[in-house]
Amino acid sequence: ETGVTQTPRHLVMGMTNKKSLKCEQHLGHNAMYWYKQSAKKPLELMFVYNFKEQTENNSVPSRFSPECPNSSHLFLHLHTLQPEDSALYLCASSPGQGLFNEQFFGPGTRLTVL
Amino acid sequence: DQQVKQNSPSLSVQEGRISILNCDYTNSMFDYFLWYKKYPAEGPTFLISISSIKDKNEDGRFTVFLNKSAKHLSLHIVPSQPGDSAVYFCAASAQGRTQGGSEKLVFGKGTKLTVNP
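Just so you know, the sequences run in chain order A and B. Letter 35 of the first sequence, counting from 1, is numbered 35 in the numbering used here, and no numbers are missing. Letter 71 of the second sequence, counting from 1, is numbered 1071 in the numbering used here, and no numbers are missing.
Just chain B, with the same shape it has in the complex:
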């Protein structure tokens, strides 16, 4: 039973356009959400996060939107660049479940983004 779902396994976008990656979750206790990017043969790299007290967080070309009522978040990349081609993972945690400050992250399956030149 997946608590974090990324329903699109892949997405293809033209360079310069906007990429929108979506993520849905089922656990209403989740209050912290993260996006990671993963290149082949490397571990996931943290990209951007948002806590449930916000509905938007922006960092350069990357913006994450959170819709708590819909239990939905999205990552917008604009403008998209060929170097953004990677697998993007959505992750969530419930801070109330942490033990001593460690976080139990629940991940989605990932969406493979391809940005075409």
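Looking at chain A on its own, in the form it has when it is part of the complex:
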């Protein structure tokens, strides 16, 4: 148990559906992250939020829309996804201040787009 939870753990959706992934951290951290892990590829950073402000968008298509209402919660809204978006989506958090901080990951949401 890392203190970062993600729901749902598994999600199957059609290309026309709209769904949301939720992440919550109980560590008092100020920075939160979304990563994507596709088969045979390294973890790819998608978005970074620090103190609720988005500080990084790693050229992610607009069909992925993040939302960070407070430092403890992070959402990833999904709409009109493609089958190639099927992957493991991981949320992480870190203290968000100072240097040399590790990130703590949630268990991930396994997404399948039909």
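One should not assume that every hint holds.
[To be verified] Within a straight-line C-alpha distance of at most 25 Å, the following computed BS3-like cross-link-like pairs (lysine-lysine) qualify:
1) B:K1104 / A:K40
2) A:K52 / B:K1104
3) A:K36 / B:K1104
4) B:K1068 / A:K36
5) B:K1112 / A:K40
6) A:K22 / A:K52
7) B:K1071 / A:K40
8) B:K1109 / A:K40
9) A:K36 / B:K1054
In case anyone wonders, no lab produced these hints; they're calculated from the structure.
Guided by the hints, dock chain B onto chain A, whose structure is given.
Just chain B now, kept in the frame of chain A:
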């Protein structure tokens, strides 16, 4: 263009022996390196890290070595145990690229370690 490379997709070791996992990087701006371990159906768990001002960091059975001139780091696990069987990810960041204290980690593809009893 991968900035962090783990060239061995898998490694098999006998219980009690040393496991050595390797990682190479290309970006000379990286100054902080981390190893994560991942079991199936779980997220990556932080294992050990090293900053570029050091060349070795040790934590129990785990030691990370950094060779900046070669842009190479390695994770040594000794003695290896069956519970160490997992996928190990190397990650790096350039602290000068942080924004407000958040870190942009770049990950390798991972090495699957199997420790046989």
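Discussion item. Checking each numbered hint in turn, tell me which of them this model violates, lowest number first.
Written reply: 4, 9
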